[in-house]
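Take each chain as given, in its own frame, and dock them per the hints.
Taken in sequence, the protein lines are chains V and F. Reading the first sequence from the start, the letters are residues 30 to 274 in the numbering used here. Reading the second sequence from the start, the letters are residues 982 to 1225 in the numbering used here.
Each hint should be verified, as a subset may be incorrect.
Said to hold, decoys possible - From chain V, some residues computed to sit far from chain F (all C-beta separations above 12 Å): (1) S106; (2) R249; (3) H261.
To be verified - Footprint (simulated), chain V over chain F, 3 or more residues, beta carbon under 8 Å: (4) 1055-1065; (5) 1068-1082.
No lab work stands behind these hints, which were simulated from the structure alone. For glycine and all other residues, C-beta sits at the position ideal for the given N, C-alpha and C.
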Amino acid sequence: MMNTAAIVIDDLLVRRGGVVVIPGLRVCVPAGQVVGLLGPSGSGKSTLMRAVVGVQKIAGGTVTVLGQVAGSPALRSRVGYVTQSPSVYADLTVRANVAYFAGLVGQGSDAVDKALAEVDLSAVADRKVERLSGGQRSRVSLAAALAGDPELLVLDEPTVGLDPVLRRDLWNLFHRLAGAGRSLLVSSHVMDEATRCDRLLLMRDGSLLSDSTPDELLARTGALDAEAAFLHLIDTAADTAKEVV
Amino acid sequence: MNPRLTLLTASRVLQQIRADHRTVALLLIVPCVLMGLLAWVFQDTPVFDQVGPALLGVFPFVVMFIVTSIATLRERTSGTLERLLAGPLGKADLMFGYAIAFGLVAIIQALVATAFAIYVCDLDVAGPVWVLVVIAVLDAVLGTALGLLASAFAHTEFQAVQFMPAFILPQFLLCGLLVARDRLPDVLSTISDFLPLSYAVDAMSAVASQVEPLGDVGPDLGIIAAWVVAALVLGALTLRRRTD
Ligand SMILES: Nc1ncnc2c1ncn2[C@@H]1O[C@H](COP(=O)(O)OP(=O)(O)O)[C@@H](O)[C@H]1O
Ligand SMILES: [Mg+2]
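Only chain F is shown next, with the shape it has when bound in the complex (with noise of 0.2 Å):
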């Protein structure tokens, strides 16, 4: 790995980005949108304070899920990849460039969308904020994460379209949101302890209820941290510079 290749790259995917103005407003209108769809459908009800601080994990999540998978799309669709493959970036380099060029967005985007859930639509939280906002930045990371992983698995256009929902679902279904964890059947409790998002629904509830929660969420980020770096350096691995 090069750190200068990396944040040059970082800073061209962030160019485009800047430059392209319905992706940013996507990017931090969603999330809020949904959060409010959410307050509304459960107002009046305590559930909104169970699940909202867990979806506003899991929002950023999927997003950057999808905007990487696409962005990377377009890289290889466009031959840019081929053209970087052929030149002196390494795997890596570009594999680290997109995770800190979304990471920064994902920081502005927790913002907005913490903000929002709690001095808009009344989210009660026990712990502190910043821990929300940390986990939260952390969960969209992740997304790019994976995002990156899935679309080097991917050796046609329509495949890496197919990754989305496959990476997806199972985890959504099985992170403790529609159904608690332990009460899951031993074999998908079992697939969950696995899985990353699990984590991230795990930390989120820590803050919700807890007024001290960083025993509990500690290492649930120390998890998907380790789960961000895996996915990176599997999609390094997995990228082809040679291909048919």
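Just chain V, same shape as in the assembly (with noise of 0.2 Å):
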């Protein structure tokens, strides 16, 4: 079947708190590509997130995603969601921590055993997660995502704090991933990171500033990387807004 769409967003309306932090989203995610969401802390990537893997509250407009509307229960096991800050059980294991979540969507040990290589912990999967570092920590959060072989991969910041070298594995894995077929979307508040997708979504105040590839943008803005074409976006949005008034 052709399913060129991983995720199609249309008048995304969120409201968090009484205050309305996404004003009405449009935005379609290619399949079978790394897509970053980039921008700047308090800019609404994590709920952006959070509403297309279906547990935020939206206050108008749709999210489908895999062909089907956000959160609906066929979804559940085919999208996997790692948070912003690592959701696994301290006390637990890596492995039993990885092996629950594979768990749950029918997944056993081998799939465990590769999750736990992918993201480099197979010498510390008997290991306690509260006696590992906050990278290590984000890296058994990838990984019980990672073991669920979902089709689509949402991902909240998964490289931030890690060292040069491990940032670089993960986004070739997640190259691997999409070649193999898998959707995902990453998002990053670090502009360097814009070169390594295949597509950039940049978003600023619940809004996008942009949606092409990094070649595009340069293009398009004339910037010699992410950061400068982001502030040069921003200019430009807010000379329009004046001439406008």
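Now the structure itself:
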């Protein structure tokens, strides 16, 4: 079947604590690619991801994931979600954590071993999570999602705080997964990760500033890197706003 | 509900309890210490034999309510609850998984506490001891179920902690331990008819005083079991997949 969109979002409106944090957002995330969701802290990346996995109350619009309404029961084992702060059980071992989350989606110990190897945690598999570093914990959280082999992976800042070698290895892993037909939506507030994505969504104040490939973004803005492109887009948006007034 | 996911969750919760030696010690030792203290306070009086069995039902209830509230609170603050709710685990699977895990712990707890009360503190009961154990286990499961319900209602950690006294203390005051329920003011007596802990204490008192208590205990246990199921189902219905 030809299905080119992993996520289709239309007029999404989200209020949190009574404040509008996403004021009507439209985007289409293609399948089989690593799509980066970049923006400063507080721009609404986590909120958007929560809407995609169906745990965010939305005030309007539609979110369609793999052809179905976000959060619908049939999607729950097809979508893997890694929250921004590592969500694993500190009092269990690395393996017990990954095995539990994998078990929930029907995967066994082979998938667990493979996921642990992919995030380079095989050596500490029998250690309790509370005795790991922050970076290791976030990789346990990632492994717990990888072991389920989901069609869509929604990863909220999975590479923050990792050493450069591990970061490169993980981005390579993301591309291998995309090559195998999986879709990935990966957020980051570090602009230099932009070049590692097949496609880039730039977010600010709950709205998208740009939706293109990294090359298109640089060509369009004439900037040398994503950070400069981001600033350029903010400046042009401000100028346009002035002209309208 | 999916039995496989429920059991997988129960086994994960058991792994967590087992890994925490201090909690295991607390679950098993605290009820014994309280029974011992009670026997000591009331030595040379008939009071211990009168209220001892009832407290054998109340202690596991309170301890399990607190342990469950804390456990689910941690599930919430660690982000694992959000992750679970984004996945295929049903809300009822989560509730019943916890209930099964703590129910198994409750069996051990009830055996230890009852043995301690009878063989160390010389508690005299007229009825069969196994009935005492069964009631204590069901009371502990009731504590777990109400703890889960309370934390499903809570939207923040702070609220969850506040629910502890709100759920437990009124039941404790009205359950018949302090003043026999038929001597309470009419309004309070009627309210106590609707609270599950009242039936726990009734059942325990029946075992304490009757050689053949099953006729009285049976209906009490039925009501407690109904409360357990109702609390778990209500807890599952109250838990929100989508939050603000
Ligand atoms: N639980 C919450 N309640 C109310 N507002 C929130 C909550 N979480 C985040 N927000 C607000 O929503 C906006 C977007 O936050 P978030 O999605 O976490 O951004 P990001 O992930 O890009 O840092 C911010 O203004 C933040 O203050
Ligand atoms: Mg965030």
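Starting from the hint list further up, note which numbers the structure goes against and sort them upward. The structure breaks only hint 1.
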